[in-house]
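Going line by line, the protein sequences match chains A and B.
With my numbering, letter number 203 in the first sequence gets 522, and the count goes up by one each step, no holes.
With my numbering, letter number 139 in the second sequence gets 134, and the count goes up by one each step, no holes.
Simulated from the structure, these hints should not be mistaken for laboratory data.
A few of these clues could be false.
[Unchecked claim] Here are the in silico distance ranges between beta carbons for each label pair:
id: 1; chain 1: A; residue 1: Val455; chain 2: B; residue 2: Ala79; range: 42 to 50 Å
id: 2; chain 1: A; residue 1: Pro456; chain 2: B; residue 2: Ala278; range: 37 to 45 Å
id: 3; chain 1: A; residue 1: Pro456; chain 2: B; residue 2: Glu268; range: 35 to 43 Å
id: 4; chain 1: A; residue 1: Met510; chain 2: B; residue 2: Glu533; range: 41 to 49 Å
id: 5; chain 1: A; residue 1: Asn359; chain 2: B; residue 2: Ala278; range: 49 to 57 Å
id: 6; chain 1: B; residue 1: Arg482; chain 2: A; residue 2: Thr397; range: 53 to 61 Å
id: 7; chain 1: A; residue 1: Arg363; chain 2: B; residue 2: Glu330; range: 51 to 59 Å
id: 8; chain 1: B; residue 1: Glu533; chain 2: A; residue 2: Gly358; range: 28 to 36 Å
id: 9; chain 1: A; residue 1: Pro566; chain 2: B; residue 2: Arg192; range: 48 to 56 Å
id: 10; chain 1: B; residue 1: His318; chain 2: A; residue 2: Asp376; range: 47 to 55 Å
id: 11; chain 1: B; residue 1: Gly449; chain 2: A; residue 2: Asn359; range: 54 to 62 Å
id: 12; chain 1: B; residue 1: Tyr516; chain 2: A; residue 2: Val455; range: 38 to 46 Å
The beta carbon of each residue, even a glycine, is placed where N, CA and C say it ideally should be.
Residues per chain, in single letters:
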Amino acid sequence: MRLTLHAVPEVPLEAEAICPDMLMGLSADKAAELPVFHGNEKARLGDFFSVQGEARDGTVTVEGDLSKVKLIGNGMSTGRLRIEGDVGAHLGAEMRGGEIVVTGNAGDWVGREMSGGRITIRGDAGHMVGCAVRGVPVGMLGGEIIVHGNAGNEVGHGMRRGLIAIGGDSGDFTGVSMKAGTVVVMGRLGMRPGAGMVRGTLISTQPAELLPTFNYDTTYRPPIIRTILIYLRKLGFTVEDLYLNGPYQRWSGDSIELNKGEILLYAGTRQ
Amino acid sequence: MLIKLTGGTVYDPAHRVNGRVHDLYIQDGRIVDPPAGARVDQEYDLRGMVVMAGAIDMHTHIGGGKVNIARTLLPEDHRADPVAHTEHLRSGCGHAAPSTLTTGYRYAEMGFTAAFEPAVLPVNARQAHMEMGDIPILDKGGYVMLGSDDFLLRMMHDGADQKAINDYVAFTLNASQCIGVKVVNPGGISAFKFNQRALDLDEEHTYYGVTPRQVLKVLATAVNELAVPHPLHVHGCNLGVPGNVETTLKTISGIEGLPIHLTHIQFHSYGTEGDFNFSSGAARIAEAINANPNVTVDVGQILFGQTVTASGDAMHQHANAGHAHPHKWVCMDIECDAGCGVVPFRYRDKNFVNALQWAIGLEIFLLVEDPWRVFLTTDHPNGAPFTSYPHLIRLLMDRSFRNEQLSRLHPEAQRMTTLASIEREYSLYEIAVMTRAAAAELVGLSDRGHLGAGAAADITVYVPDDDREKMFSRPKYVFKDGRLVVRDGQVVDVVWGTTHVVKPEYDPGIEKRLASYFDRYQTMKLDNFIIQADEISEDGRGSVTIHPCWGGRGV
């Protein structure tokens, strides 16, 4: 099925209907009747998108400037969603399975509280990637979020399981209050990475300024980094060989919490 | 316009009407005597249905700073319970601390037409009124909180005479636009600020040298001498502390016959027997209540599930903070007046203490003989959200349902309660007493809570059902001031209730003294502290109704 944006919404459009779980088995006409919210007004999917074909195998392609379209792939459990262009906030929120690929940039809250599946962003992502919503202690519970560009603040806030990989730089408070899981940032970490982290692993290939509540342990060559980076290379990341086997500093923290988290920073030579 | 309600089975305890079939007539928002020969404009056929006055919740935290703190603290509470807007109604959210509009709709949908906020801090009363002003359909009112305020404790420390204290209490009632006076942990909130972590009835405040017993005595005397209908509303010492039944019994005996209302008495009825050093003091409390006609109580029943406790009792909220679920809480100092604490809480039926609290509350309901002196509350949201009232009514009216619920609780708690052996079941008449007639009388409303000629036409119509929970959660019709606001459990029209207040007289000399005190110690000037009636009515929705100080049921 192919959805093409024909009317750009004036205010954010909440389009939970754009999800393979909802669209699978529907004819184009039926799909166009699904409800969306334009601001506080109920509208039809067809008011904003022209719908072509069917999603028999669960593959849905959406094109256009979707930067004002929110909640695409909300609660998705199966199928493939391909977004050609930019996309708005809450992409793949509470997603449980399937795959989302975005060719452009994504808004804030990508993969909020997701528990399975994979989200790939070819461009940049906004703030709060794989985050918990405010007031909830636990964020991402599983799955993968792969951002080829940069990401904003609070990547992996409250994350408990899964993998978040950022090809570029990440903003402030990367991995704040992480419970467990892995965050890899190929570029630079912003301010105060890993603040309040309980367990979990934060990896960066660039130098970073850490909080005083992180303690230096050792410099070593953890084999898991090679495994993770080779996996990311297969997903399309550019990973230089020196990062695969090089030495990494291990810092443990956050000592105001359990002190069982770790930040691994590349400590070898650079070319 | 004349409306006729035909053939309903009426329960109107204020006029001793117990299930008699008769017609009611409504004209201009009031119940009227059958007019001879007048044309009926609209008629509702209520044959086979139960007709009562609109229910009154005389103790529910629906306005003021602590409710807003609870909302701010618990975004997950909003998220779990969103309410979409409809043609008539606006959107809202929240289970334990719902938004104002949703609060009004939900109360109305259960047949309630009035609710009273029991902890209006004088310095924060404007916010409480603005918030209650945004609650549709319900009539509202507040009890102003005194007893831990610096000014009163100073007066007592300096040995001020009762007359001066009466003036101060009367001035505060006027200035804060309230209908009653409440005292929370008398002197204890202030003592907490002076680093005391407990204050028993006869323990001295380290700074002012005043005891809670003295505070209770002067305030109860003041309320009595001012002839404020609602007796002093007392949240006693040692809330939630095992063994506090002794304190509560001493409070009852120590008040020496003055009328008092002991609120959420369930939290003050704990003994220290048994393996867990926690037991029910309900039997002794009920015995004392039965023996002292000057005492009224509301129960503050707990029901299982997630809620949030919001109280002015900063001392005990601080002590309970370790039990917070989810693990976060707020404690606040509120100028010279008092403090407050907000602790989210989940009552669990497999927890011994929670299970026994549940049983203690029901024991008190069933062992207090006079339904005119025990009131149906969950101390919303402290024991449970007000939306659980229909469930609570079923527990009171249906013994087999009650025992079936009891059998699911923590086994040790079942062994520690006599609940299973209590045979009493509340009748519809007794429910009408405790939620209508007695509540209106206790608060001091002469034209609410009954169905006599001249009363406001706040009327709730239920379809009888053996499942009382179903019956009370979905009234067939609710009329507010003669207008149909709820049909089949759904709000169909939104009206705005009034704010009930009393205005006892006082010697204006007190204002001069207060003005210099305010200039020196408070963040606002006295002129700004005083709330004018216009402020409540100026948005075009609210109004103020002044009730006479007729002394209440007195003793």
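Right, here's what the structure says about each hint:
Between Val455(A) and Ala79(B) the beta carbon distance is about 22 Å. The supplied range of 42 to 50 Å is therefore violated. Under the hint 37 to 45 Å, the C-beta atoms of Pro456(A) and Ala278(B), about 42 Å apart, fit the expected range. In this structure, Pro456(A) and Glu268(B) meet the distance hint of 35 to 43 Å, their C-beta atoms being roughly 38 Å apart. Taken as a hint, the range 41 to 49 Å holds for the pair Met510(A) and Glu533(B), whose Cβ atoms sit roughly 48 Å apart.
In this structure the hint that Asn359(A) and Ala278(B) lie 49 to 57 Å apart at CB holds, the actual value being about 55 Å. Range check, Arg482(B) to Thr397(A): Cβ separation about 43 Å, and the 53 to 61 Å hint is violated. The given range of 51 to 59 Å is respected by Arg363(A) and Glu330(B), whose C-beta atoms sit roughly 54 Å from each other. Checked against the hint of 28 to 36 Å, the pair Glu533(B) and Gly358(A) passes, with Cβ atoms roughly 31 Å apart.
Under the hint 48 to 56 Å, the C-beta atoms of Pro566(A) and Arg192(B), about 54 Å apart, fit the expected range. The given range of 47 to 55 Å is respected by His318(B) and Asp376(A), whose C-beta atoms sit roughly 52 Å from each other. At roughly 44 Å, the beta carbons of Gly449(B) and Asn359(A) sit outside the given window of 54 to 62 Å. Against the hinted window of 38 to 46 Å, the Cβ-Cβ separation of Tyr516(B) and Val455(A) comes to about 41 Å, which satisfies the hint.
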